Structures are given as structure tokens and as C-alpha cells.
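Read off the chains here:
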Amino acid sequence: MNKESFLFQAIRFLKNSPRTTFGIILILIILSMTLGANFFTVHDPLTRYDGEWHSPPSTEHILGTTRLGRDVFAQTLYGGRVSLMVGVLAGCISVGISLIIGITAGYFGGVIDGVINTVINIMLVIPSIVLLLVIASMLGGISPPTIGLIIGLTSWPGSARVLRSQAMSIRNREFVLSAEILGEKKLRIILVEILPNMLSLITSGFVGTVIHAILAMTFLEFIGFGDSLSVTWGMMLSNAQKTGALNSGIWWELLGPSLAIILFGAGMTLINFSIDEISNPKLKAQRIMSTYNKMMKKKEKQRLMESGK
Amino acid sequence: MQYLVKRLGYYAVAFFGAITLNFFLPRMMPGNPVQQYMQSLYKTGGTVSAEVIAAVEKMFGFDQDVSLFTSFWRYLLGILQGDWGYSFSRYPDTVLNVIKGSIGWTIFLIGTTMIISFAINVSLGIYVAWKRGTKRDMAITLTGQVMTTIPTIIVAFALSFAFAYTDIFPRGYSVTPLLKHANNWEYIKDVAYHAFLPLMAILLTSFGGIMGMRANMINQLGEDYIVMGIAKGVPDRKIMFGYGARNAMLPVITSLAMSVGFLLGGSLLVERIFNYPGLGMVMMSAINGRDYPLMQGVLIISTILMLSANFTADILSFLIDPRLRKQGK
Numbered sequence: 001m002n003k004e005s006f007l008f009q010a011i012r013f014l015k016n017s018p019r020t021t022f023g024i025i026l027i028l029i030i031l032s033m034t035l036g037a038n039f040f041t042v043h044d045p046l047t048r049y050d051g052e053w054h055s056p057p058s059t060e061h062i063l064g065t066t067r068l069g070r071d072v073f074a075q076t077l078y079g080g081r082v083s084l085m086v087g088v089l090a091g092c093i094s095v096g097i098s099l100i101i102g103i104t105a106g107y108f109g110g111v112i113d114g115v116i117n118t119v120i121n122i123m124l125v126i127p128s129i130v131l132l133l134v135i136a137s138m139l140g141g142i143s144p145p146t147i148g149l150i151i152g153l154t155s156w157p158g159s160a161r162v163l164r165s166q167a168m169s170i171r172n173r174e175f176v177l178s179a180e181i182l183g184e185k186k187l188r189i190i191l192v193e194i195l196p197n198m199l200s201l202i203t204s205g206f207v208g209t210v211i212h213a214i215l216a217m218t219f220l221e222f223i224g225f226g227d228s229l230s231v232t233w234g235m236m237l238s239n240a241q242k243t244g245a246l247n248s249g250i251w252w253e254l255l256g257p258s259l260a261i262i263l264f265g266a267g268m269t270l271i272n273f274s275i276d277e278i279s280n281p282k283l284k285a286q287r288i289m290s291t292y293n294k295m296m297k298k299k300e301k302q303r304l305m306e307s308g309k
Numbered sequence: 310m311q312y313l314v315k316r317l318g319y320y321a322v323a324f325f326g327a328i329t330l331n332f333f334l335p336r337m338m339p340g341n342p343v344q345q346y347m348q349s350l351y352k353t354g355g356t357v358s359a360e361v362i363a364a365v366e367k368m369f370g371f372d373q374d375v376s377l378f379t380s381f382w383r384y385l386l387g388i389l390q391g392d393w394g395y396s397f398s399r400y401p402d403t404v405l406n407v408i409k410g411s412i413g414w415t416i417f418l419i420g421t422t423m424i425i426s427f428a429i430n431v432s433l434g435i436y437v438a439w440k441r442g443t444k445r446d447m448a449i450t451l452t453g454q455v456m457t458t459i460p461t462i463i464v465a466f467a468l469s470f471a472f473a474y475t476d477i478f479p480r481g482y483s484v485t486p487l488l489k490h491a492n493n494w495e496y497i498k499d500v501a502y503h504a505f506l507p508l509m510a511i512l513l514t515s516f517g518g519i520m521g522m523r524a525n526m527i528n529q530l531g532e533d534y535i536v537m538g539i540a541k542g543v544p545d546r547k548i549m550f551g552y553g554a555r556n557a558m559l560p561v562i563t564s565l566a567m568s569v570g571f572l573l574g575g576s577l578l579v580e581r582i583f584n585y586p587g588l589g590m591v592m593m594s595a596i597n598g599r600d601y602p603l604m605q606g607v608l609i610i611s612t613i614l615m616l617s618a619n620f621t622a623d624i625l626s627f628l629i630d631p632r633l634r635k636q637g638k
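Residue numbers (my numbering), protein chains in the order written: chain W, 1 to 309; chain A, 310 to 638.
Keep in mind the hints are simulated off the structure, nothing from the lab. Some hints could be false.
[Stated by the list, open to error] Each pair of labels, with its calculated beta carbon distance range:
{"id": "1", "chain 1": "W", "residue 1": "I11", "chain 2": "A", "residue 2": "K635", "range": "49 to 57 angstroms"}
{"id": "2", "chain 1": "A", "residue 1": "I424", "chain 2": "W", "residue 2": "T59", "range": "48 to 56 angstroms"}
{"id": "3", "chain 1": "A", "residue 1": "K635", "chain 2": "W", "residue 2": "S32", "range": "56 to 64 angstroms"}
{"id": "4", "chain 1": "A", "residue 1": "M310", "chain 2": "W", "residue 2": "T21", "range": "48 to 56 angstroms"}
{"id": "5", "chain 1": "W", "residue 1": "E174", "chain 2": "A", "residue 2": "L633", "range": "28 to 36 angstroms"}
{"id": "6", "chain 1": "A", "residue 1": "T329", "chain 2": "W", "residue 2": "I112", "range": "54 to 62 angstroms"}
{"id": "7", "chain 1": "A", "residue 1": "L633", "chain 2": "W", "residue 2": "I288", "range": "33 to 41 angstroms"}
{"id": "8", "chain 1": "A", "residue 1": "A501", "chain 2": "W", "residue 2": "I288", "range": "44 to 52 angstroms"}
{"id": "9", "chain 1": "A", "residue 1": "T329", "chain 2": "W", "residue 2": "R12", "range": "47 to 55 angstroms"}
{"id": "10", "chain 1": "A", "residue 1": "D545", "chain 2": "W", "residue 2": "P196", "range": "39 to 47 angstroms"}
{"id": "11", "chain 1": "A", "residue 1": "A540", "chain 2": "W", "residue 2": "E300", "range": "22 to 30 angstroms"}
{"id": "12", "chain 1": "W", "residue 1": "T21", "chain 2": "A", "residue 2": "F620", "range": "41 to 49 angstroms"}
[Claimed, not checked] Once the Cα atoms are required to be at most 27 angstroms apart in a straight line, the calculated DSS-like pairs of lysine-lysine come out as:
{"id": "13", "chain 1": "A", "residue 1": "K315", "chain 2": "A", "residue 2": "K635"}
{"id": "14", "chain 1": "A", "residue 1": "K444", "chain 2": "W", "residue 2": "K294"}
{"id": "15", "chain 1": "A", "residue 1": "K444", "chain 2": "W", "residue 2": "K301"}
{"id": "16", "chain 1": "W", "residue 1": "K294", "chain 2": "A", "residue 2": "K440"}
{"id": "17", "chain 1": "W", "residue 1": "K15", "chain 2": "A", "residue 2": "K440"}
{"id": "18", "chain 1": "A", "residue 1": "K444", "chain 2": "W", "residue 2": "K297"}
{"id": "19", "chain 1": "W", "residue 1": "K299", "chain 2": "A", "residue 2": "K440"}
{"id": "20", "chain 1": "W", "residue 1": "K301", "chain 2": "A", "residue 2": "K635"}
{"id": "21", "chain 1": "A", "residue 1": "K547", "chain 2": "A", "residue 2": "K444"}
{"id": "22", "chain 1": "W", "residue 1": "K15", "chain 2": "W", "residue 2": "K298"}
{"id": "23", "chain 1": "A", "residue 1": "K547", "chain 2": "W", "residue 2": "K298"}
Note that the structure is a prediction, hence the values are computed from the model and not measured. Idealized CB from N, CA, C, for every residue including glycine.
The whole structure should be built from the sequences, with the hints applied where relevant.
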């Protein structure tokens with residue numbers, strides 16, 4: 001397949017599935033606005049504008065200012081960098097662990113599988129949010145990367161279970177058996193034969209964990225575990241709550257981070273939908289059928305129009 | 310019956326594992342909690358003498374002269390006998406006592422949300438699976454899915470901004486404080502009035518199950534026995550509820566039990582925002598007071614909650630699925 005035809009295919013896929021396109025556009029907008037924050041706002045997230053405490057949205061401060069006189073819009077954009085980075089970090093850690101554990105258990109089976117499966121099941125019955133809180137409070141005040149690390153370390157069991165059962169079913173397919181008979185190394189079988197077949201599961205696991213991590217981070221920071229010097233979406237909500245923004249009706253202080261989290265979550269969910277669709281042919285067939293039905297209807301209409309002439 | 314016994318054995322193992330993790334957690338942390346606690350004592354101006362250190366170490370089970378195995382054994386026995394240690398911040402109250410006083414409200418919140426969201430998720434899931442591919446299907450599924458990605462914090466904030474700070478609903482507590490209720494009915498009304506906003510905040514973010522139920526239903530509706538049923542002329546209603554939904558519900562029940570952990574997280578947050586006196590408030594005060602025994606107690610009790618929810622789900626699927634019942638015979 002050459003590059004052009006791949007591009008063409010991608011465009012056709014996006015055209016056929018407006019949900020995916022919308023999701024990707026949302027994520028791209030958020031990414032470009034947070035990563036290129038300096039182009040979208042002239043304010044610094046930590047500068048205090050004296051005398052402009054809690055000022056409502058205006059042309060100067062698009063989303064108003066906080067109680068300390070900091071620009072909410074700038075904070076949302078710059079805070080997004082940290083929040084997204086933590087999400088991606090946690091996603092990578094969690095996906096890495098669940099891949100290693102899930103494939104090892106599913107491929108080797110036997111005693112190894114028994115032990116790993118027990119561990120997974122134990123981790124699954126311990127509520128991860130409460131575990132997260134206990135670990136966080138034992139560590140004391142924690143910086144954003146540490147938050148990402150502990151979220152990654154506590155959120156792998158769910159996807160490990162899914163990957164394990166997938167690896168178990170792939171391991172008994174003909175192409176894996178024939179590779180074994182050919183005398184391929186185990187590592188090569190895992191990396192070349194099994195891994196590519198789990199790509200859609202891995203991707204959707206990653207997307208899910210990133211959403212989960214951003215929510216969990218917001219949660220932790222809101223509870224008061226955040227680093228008070230860093231600007232993130234969670235810290236903004238936490239600060240707003242602490243300074244009594246709700247009591248005094250300062251809605252704009254909450255609007256920025258809330259909207260950002262919701263839009264990011266929605267975008268990721270829409271992308272997850274399309275990953276599901278690619279990996280589950282039943283869902284895909286359904287979409288193709290509905291396009292087909294639409295086409296037939298159009299044709300029918302055309303025919304009626306033509307015969308009407 | 311064999312099935313249920315087997316599940317119970319598995320839960321016992323899981324509980325043992327959770328307690329083991331709980332025991333080793335403070336020992337795996339860099340800088341043990343004893344030192345952290347000492348630090349906070351020192352900061353608040355308390356005197357830190359050698360006796361105090363020894364006492365605190367004993368409380369945590371960090372006595373130097375006892376081997377790791379012995380202290381683990383003691384810890385395990387203590388948990389099983391209901392001796393969960395003393396709460397630091399509410400001394401001389403025991404951890405178990407503090408938890409007992411608040412767990413009811415949390416179970417009430419989570420249980421009610423679970424029942425309502427199960428009913429909504431399953432019925433809407435069946436409906437959209439039946440109408441799959443239509444605009445209504447897409448709208449309902451997508452809305453449910455997107456709503457699950459909205460953090461509970463934001464929903465709770467929005468609700469409290471819109472309804473609590475306009476004094477339509479109360480801003481806190483589970484019942485009106487210092488009010489003697491004339492009769493039970495008034496009490497129930499008061500509880501419902503106070504629980505409404507916290508319940509809604511958790512409920513609004515728990516519609517992800519629609520998607521799962523829909524996928525299960527679609528898979529079931531493609532099975533041969535459904536086609537056979539349609540060919541035989543079984544009425545639509547019976548195919549939907551008697552044939553498809555009954556089978557499609559099984560995985561949903563299992564995943565519902567797993568979602569207790571998620572609901573618990575939601576309720577911790579919501580309780581803090583609405584000042585609701587459940588497990589979440591206990592956890593918050595434990596965190597603020599660096600009350601590690603109480604925190605670990607909350608972790609254990611929430612694990613027990615998860616386990617009992619899972620067991621309830623097992624019993625339910627045992628009742629719905631005849632295959633499980635026949636397994637033992």
C-alpha cells in the first residue's frame with residue numbers, strides 16, 4: 001500500500017464517520033491551544049493583576065480572573081499542558097504494565113496465568129480511587145508527575161484482564177501454532193504475531209486510561225493533594241472551591257477548567273467509538289448498512305423525481 | 310450451589326490479598342508514616358518524646374523487635390476479630406466505630422444510585438438496541454457515553470451552584486440538624502430532600518452502561534435462537550425481554566458490581582461537596598488529620614463493599630441463568 005492510497009483511505013473513513021472526525025478535531029483544537037498557549041493568550045498564568053480580583057469576563061480577560069487576580073483563560077491553557085501530560089504519562093505506564101502482564105498470562109498459561117490472574121482479580125476488588133487517596137496521603141504533597149505515576153500504577157488491572165483474555169484466544173489460532181512449529185522464538189511470536197492483533201484493544205485501553213487519569217488527577221487535586229505551585233485543571237477547581245467561588249457566584253472561575261475537561265473527555269470518547277467500530281465488525285457492518293440504506297433511499301427519490309418529469 | 314461456594318472461596322482469597330496489600334502499603338512508602346506523623350505533630354507544636362514515638366510506632370505495628378511475619382499475623386487476626394485499631398484524629402474512638410457511624414449513608418447513596426442507574430441503563434439499552442442505527446439510537450448512546458466522561462466534580466459543582474446556592478435544595482447534611490421529626494414519614498421526606506442533589510450528581514455520570522447493554526443486546530439478537538424465535542412467530546415483546554434481554558443482562562450485572570468502586574469514588578467527592586456525613590467525609594477528615602489507621606480502615610471497608618456487591622451479583626446471575634444452576638448437579 002503506498003502512502004497516497006493510505007491517505008485517501010483515511011479521508012474516506014473520516015468522511016464516512018462524522019463522529020470520529022468531530023472527535024479528532026476537538027482533540028486537535030485542545031492540543032494546539034494548550035501546547036501553543038503562548039500564541040492564544042498574552043497573559044501569564046501566574047501573574048497577579050492587582051485590583052482585578054474576581055473580575056468578570058471582559059475583552060481584556062476572556063474568562064475573567066481568579067480571586068488572586070490571575071487570568072482564568074491563560075490558566076486553563078497552560079494548566080492543560082500539565083494535565084494532558086499527566087494523562088498521557090499515566091496512560092503509557094498503565095498500558096505498558098497491562099500489556100506485559102496480560103500477554104504473559106494469556107500466552108504462557110498454566111501456573112503463571114493462575115498467579116497473575118489471582119493478582120489481577122485482587123487488584124480489581126480494591127477500589128482504585130480509595131487506594132489512590134491512601135497512597136497519595138502517605139506520600140504527602142505530590143507533584144503532577146508523581147500523580148501520573150501512581151495513577152498509572154493503580155489503573156492497569158482492568159485492561160490487563162481484557163488483554164489477557166484476548167491473548168488467550170489469539171494464542172490458539174493457526175498462525176501462532178504454525179509459528180511455534182516453525183521454531184520461532186517466543187519473544188518474536190509475542191511481538192510480531194500476537195501484539196499487532198491486539199492493537200485496537202491497546203489503543204482503546206490507552207484512550208480510556210488517559211480519560212480516567214485526567215479525571216483521577218482532578219479528583220486528587222481537588223481533595224487537596226496537588227502541588228500548590230503548579231497550574232493544572234484540577235488545581236484551578238480546587239483553588240476556586242477554596243476561595244469560595246461558588247458562594248459568591250464567581251461562575252467564570254470554574255467555567256474554563258470544567259469546559260476543557262468535558263470537551264477533552266468528549267473528544268476522546270468519540271475517538272474511542274471509532275476504535276471500537278474498527279475492531280468490532282458487527283458495529284461496522286451496521287454503519288455500512290445504514291449508509292447503504294441512505295444511498296438506496298436517495299436513488300429511489302431520484303428515480304421518483306425522474307419519472308415525475 | 311457449588312458455584313456459589315466456589316465464588317465465596319475466591320472472595321476469601323481476594324480479601325486476604327487486599328489485607329496483605331493494606332499491611333505492606335505503609336511499609337513500601339519512602340519515609341514511613343510514623344515519621345510523617347511525627348513531622349506533623351512537631352509542626353503543630355506537640356512534644357515529640359521517645360515515649361510518644363514508641364507509642365505511635367506500636368499503633369502502626371512498627372515495633373522494631375517483632376518480625377515482619379509476626380506483625381502481619383497480628384494485623385490479620387486483629388482485622389478478622391474486628392480490632393481495626395484506634396483512630397488518631399478521633400481518639401479514643403476506634404476505627405470501626407467511626408466507620409460504623411458513617412457507612413450507612415454511603416451505602417444508602419451508592420445503593421440507590423445503583424438501582425436507579427441499573428433500571429435506566431438496562432431499559433434504555435434494550436430500547437436503543439431494538440432501534441439500532443436510527444438517529445434516536447445514536448443520540449441516546451452518545452449522550453450517555455459523553456456524560457460518563459464529565460467528572461463528577463463538575464456535575465456536583467453545577468448542581469450545587471444551580472440548586473443549593475439558590476436554596477431550592479439544602480447545602481449540606483443528610484437530615485436537618487437539631488430537628489425532631491414528628492413521625493417516620495417526615496423523617497423519610499427530610500432524608501430524601503437532603504439526598505436528592507448528591508444522588509443526582511452521581512447518577513448523571515453513570516449512564517455508560519447503556520452502551521454495554523446495547524452491544525450485548527445486538528450480539529444476542531444476532532444469535533440463531535432469536536432468528537428461530539422470529540421464524541416461529543414469537544411476539545416481538547417476548548423476543549426482546551424473554552429471549553434477548555435475559556441473556557444480555559448477565560454481563561451487565563457483573564460489570565455493575567465492578568462499578569461499585571467507581572460509584573464509591575463519586576460518592577467520596579459528592580459527600581465532600583455537599584457536606585454529606587458518609588464515608589467520604591470520614592476519609593477527608595482522616596486525610597486532613599493524617600489518620601492512617603482510619604484511612605486504611607476506609608480502604609478495607611470499601612473492599613468489603615466491593616466484595617459483597619460482587620457476591621450479590623453472583624447470586625443474581627445464579628438466579629437468572631439456569632446454566633449456572635445446573636452446573637453443580
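(request) Please test the hint of 28 to 36 angstroms on the beta carbon pair from W:E174 and A:L633. (result) holds, 32 angstroms
(message) Against the 27 angstroms threshold, does the CA-CA distance of A:K444 and W:K294 hold or violate the hint?
(response) At roughly 13 angstroms apart (the allowed maximum being 27 angstroms), W:K294 and A:K444 satisfy the hint.
(message) Just to be sure I understand the hint, the distance between the Cβ atoms of A:L633 and W:I288 should be within 33 to 41 angstroms; is that true here?
(response) holds, 37 angstroms
(message) Need the status of pair W:K294, A:K440: alpha-carbon distance at most 27 angstroms?
(response) At roughly 16 angstroms apart (the allowed maximum being 27 angstroms), A:K440 and W:K294 satisfy the hint.
(message) Checking one constraint from the list: CA of W:K301 to CA of A:K635, max 27 angstroms. Satisfied?
(response) violated, 56 angstroms
(request) Decide if the proposed pair is consistent with the structure: W:K15 and W:K298, CA atoms, cutoff 27 angstroms inclusive. (result) The hint holds at about 18 angstroms.
(message) With the threshold set at 27 angstroms, check whether the alpha-carbon distance from A:K547 to A:K444 stays at or below it.
(response) Given pair A:K547, A:K444 holds - Cα atoms ~25 angstroms apart, limit 27 angstroms.
(request) Mind checking the alpha carbons of A:K444 and W:K297 for me, to see if they're no more than 27 angstroms apart? (result) Within the cut-off at roughly 16 angstroms; holds.
(request) Mind checking the hinted window 48 to 56 angstroms against the Cβ distance between A:I424 and W:T59? (result) holds, 50 angstroms
(request) Can you let me know if the beta-carbon spacing of A:K635 and W:S32 is within 56 to 64 angstroms? (result) holds, 59 angstroms
(message) Just to be careful, I want the Cα atoms of A:K444 and W:K301 compared with a cutoff of 27 angstroms; is the pair within it?
(response) Roughly 20 angstroms separates the two Cα atoms, so the pair holds.
(message) Does A:K440 sit within 27 angstroms of W:K299, going by the straight-line distance between their CA atoms?
(response) Holds, at roughly 24 angstroms.
Checked against the numbered hints above, the structure violates hints 6, 20 and 23; every other hint is satisfied.
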